[in-house]
Amino acid sequence: MNKFAKWGLTLPATIAVVLLLVIPVLLTIATTFGEPKGVFSTYTAFFNSGFRTNILYRTLRIALITTAISLVIGFLTAYVIAQMPGRLKSIAIIAAVFPLLTGVVVRSFAWLIILGKNGILNSSLLSLGIISEPLSMLYTEGSVIVAMVYLFVPLMILTLTGVLEGIPRDVVEASASLGAKPIATFFQVILPLAVPGLIVGAVLVFTGSFTSYATPQLLGGEQMMMMGTLLYQRAMVTFDWVGASTIAAIMVVITIAIVSIMSRIARRLNPMAV
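In terms of our numbering, the sequence shown opens at residue 1 and continues consecutively.
These are calculated hints, taken from the structure and not from any lab test. Keep in mind the model is a prediction, meaning the values are calculated, not measured. Backbone N, C-alpha and C define an ideal beta-carbon position, used for all residues, glycine too.
Here are the computed distance ranges between Cβ atoms for each label pair:
1) Asn48 - Val22: 22 to 32 Å
2) Ile130 - Pro99: 22 to 32 Å
3) Gly179 - Ala95: 36 to 46 Å
Kindly generate the complete structure, drawing on both the sequences and the hints.
In structure tokens, the structure reads:
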């Protein structure tokens, strides 16, 4: 009876996920294997194109760099927040979450104002005499990475704060009482226990940055095209639905592969993490 009740509770959600998520994705991927030139002809054409593979490598590089920077900033910030007293901690969490209340497009436009040739950053550097002429900071990998780190760090902070708060202080104090230095305690006690939050946060940031469209389009433009913008171009500009489905399938496979690699790393760092 208990088993039937559990199945009854999960069945509606399972059906919704299968109908609204799994089946559409499978149908999208299935269209890429129906070309008369061959089953894998669309994938062969993609990887034989230097232009498309460069976009893929650029997207992977930017997503991984964004994830790494977000991990460092998010972990340090979350660690500080986790040590704060109650009221101050609440204020800090609200401050970290506050950017999420603004849309992605608005936050990306803000970086256009900051990084533009007549923007805030260039104007400040010119007034201080650090540079003699405005720097071209827009439409570069750096501008895209900075904007996406700003977008996704709040998610990393939220994920890690709860995990770090859940680490018993007795464990940390026991490590110190046994003679471990603060650095040793961090790497041998705190970091392994924080692995679940690190993996969840890394997955959220990587998938978000790897599939991002608005930020690369606004701050990268055609010069720094990423897979999300290429997918939109194929589907909505050239109406190449098979090509767009191929790009989507490649993105799905790469995302699953990266998540699997992160899970393996988590098991090695902490066998109880996943």
